[in-house]
Amino acid sequence: MVLAEIIQPSFLVQPNMKVYINGIGSVNAQQAGYTDNFLTEIQQTEQHSIRSIEPDYKAFINPTLIRRMGRIIKMGVASAKMCLNDAGVEQPDAILTGTGLGCIEDTEKFLGAIIQNNEQFLTPTSFIQSTHNTVGGQIALMLGCNNYNFTYVHRAFSFESCVQDAMMLLAEKAEQNVLLGGVDELTVNSLKLIERLGQLKNHPITSLNLLNYKTRGSIAGEGANFFVFSTKHTESSYAQLLGCKMLYKPENTEEITESLQQFLQQNKVQASDIDLVLYGYNGDVKYDRLYTEVKDKLLSKSSVAYFKHLCGEYHTSNSFAYLLAAHILKTKSVSPSILLDDKKRLVKTILIYNHYRGINHTFSLLKAC
Amino acid sequence: MTDRVVVTGIGIISAIGKNTDESLQHFRSATSGIGAITQIDTIHKTNLPVAEVKYSNRELLNLLNIANKKCNYTRTSLLGMFAAKQALESAGIHSVKKKKTGLVSANSVGGMDKSEVFYATFLGHPKKGKISNIVGHDCGDSTEHIADYLGIKEQVTTLSTACSSSANAIMLGSRLIQHGLLDRVIVVGCDSLTKFTINGFNTLLIFDKEACRPFDATRNGLNLGEGAGYIVLESEKSAVESGKKIRGILSGFANANDAYHQTASSPDGNGAYLAMSQALSMSNLQPNQIDYINVHGTATQNNDLSEGIAMKRIFGETVPRFSSTKSFTGHTLGAAGGIEAVFSIMALEQQLIYPNLRFKTPIPELQLIPETKLIEGAGIKHILSNSFGFGGNNSTLIFSAA
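Going down the list, the sequences are from chains A and B. If you want this note's numbering, it's the 1-based position in the first sequence plus 229. If you want this note's numbering, it's the 1-based position in the second sequence plus 41.
Simulated from the structure, these hints should not be mistaken for lab results. Ideal Cβ positions, reconstructed from N, Cα and C, are used throughout, including at glycine. Fair warning: there could be bad hints in the mix.
[What the hints assert, rightly or not] Some residues of chain B that are not near chain A, with every Cβ distance over 10 Å (derived):
no. : residue
1   : K111
2   : R216
3   : E282
[Claimed, not checked] Across the chosen pairs, the derived CB separations fall in these ranges:
no. : chain 1 : residue 1 : chain 2 : residue 2 : range
4   : A       : E522      : B       : S97       : 52 to 58 Å
5   : B       : S283      : A       : S529      : 26 to 32 Å
6   : B       : D82       : A       : S529      : 23 to 29 Å
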């Protein structure tokens, strides 16, 4: 990619520029990979965490490499490869990875070894793999891809920062396929910590009833969801992405609704045009309130749906919502498992509204194509 | 032609001082910041030299005028807050609300300095360990503390691509301005020394037991450092409107991937070559217009050879004057690109080329000789700065005189 010729005047999305989601790859808690049958059979759990169903990695990664890779690396690299296959893209023009916590399994391994062996007899593998851009680096290595390769690591902005960057890249040069994804892993210790931080429900649960308890805490999750973004509509196009916006630490609900209204205006969408809103409801009564307030103020006409009972709460869980939205728009069907009302609108436009602990709020708009 | 992106403020803290003046004094007196470990409890205290910031966390809190001594900021946050505030002041920005102002920060190990204290207890006793020591583990934590300290809300994000993290944050910051999403952005990075990174790089056998010798035939590895470097990027229009002094222009940048090995650089320096050539192409400069290269120059066998080969592929037999300021600051990992961006702006303003300390003999395969003495009145218009990281992540920035 030569940036010299591509920096255009100042606006994010060029007039007439359309961004399409042309490929999907996923390692998620609902099925091994991603197929058209997505959510025809719903996985539920009584655990306080939902783990990914890992596919047969040999189909995507050189078997000699699999053994050495940490779980997050396998999830990320396999998901990226699936996605490129799905889009029919061999070499992406950019690789963008979002991860809230990075390679925590390897980080813990190396940290544990330092502590247990008093800084002696250490081996480098887990240290090398603990680096936050390992997934992005391994994808490049697997593909022999010399192109632009960024990793974003900002809590619940990690994936959305990739989306923002992808849209800028496509505005800079239209003829590109940008690979981007969100990936996070759960470990035994990270789950313990999430529990100690009071972010898990402290009573028995069934994941599909997540919103019924009206108590504090949620269920933890993990996953890897990758996408190919392009300005070209192809046979494999799932949906059109109109825009994505991040809002940091709004002081009150008014600030959120104002920011959302602005975002809709920028994208020339009326609130009444939105057929379905995918909310990041995670069952934590303290934070879910914000979704309901925004819904009541601005989005009362749209169908109400949620997704974290299917994937759990994690920093890049919104990448699962993108997968879900793209799936709905392509298949023109909505799994009843995600609906919280019976408006049953024909779904052509979806808004995703997610926030992490009231701090990192994001809005995304997707449209059928 | 688009509105240019210019630098209007700089802020720095590293082993060679807590501002630009102190850093300059060290450059002028050829005094490096590399010495014994004093702030970390490690078995490597006596055998591995590092480049520490000479203040404890408590002293940093005082420097930041934070009265609440109970707040449990990670060292990474403290260093970042300190340098970012300095950059904002140096740009004469009193209110971040007046224009669309964002923060793009970078680091490599987040709040690991506290995490490793926490894990020491937690691993044996899962119900124990001070929980506030783990909440700052992730890389976004320090960014949010910096944003809150400066009152920034417009755009807040964090990059982590190992040792090129900061350079990439500068690129992102510039693009956010070029796309009209921000008028100005405080960019770049911070990292603190930790037992984790000290032991990690030690397992890779790339530490020199002495102070490092970048680009020397006898180089034997790097010394870790810590610190933070921040710059304020603005659209030229925004800077001119507010009557700001333009300190430098970010005229080119590129990120490319070596796609060769998770940690090692390729023998032909392909990623480095691509990053440098694409950045040159963006800046519309010919290689012979580059007056100084602030090399990545970690002083590992692998980096300096690979980077040198890439430099020769670009510049032929007339490689510009170059030096590695890591011979002063150590390798500050995720902060390196930020610290070296600040040094680049200082070099343009002061017309200085910094010495590459402890160089004696050129690498046989390269025969490249860095500048070993401080050069004043250097006549520099364009500086190229390299930052390369794990995952084959190679980045080049080009700064030009205003």
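Hint-by-hint comparison with the structure:
no.: 1; hint: K111; in the structure: 19 Å, holds
no.: 2; hint: R216; in the structure: 5 Å, violated
no.: 3; hint: E282; in the structure: 15 Å, holds
no.: 4; hint: E522(A) / S97(B): 52 to 58 Å; in the structure: 44 Å, violated
no.: 5; hint: S283(B) / S529(A): 26 to 32 Å; in the structure: 43 Å, violated
no.: 6; hint: D82(B) / S529(A): 23 to 29 Å; in the structure: 58 Å, violated
When the structure is compared with the earlier hints, violations turn up for hints 2, 4, 5 and 6 and for no others.
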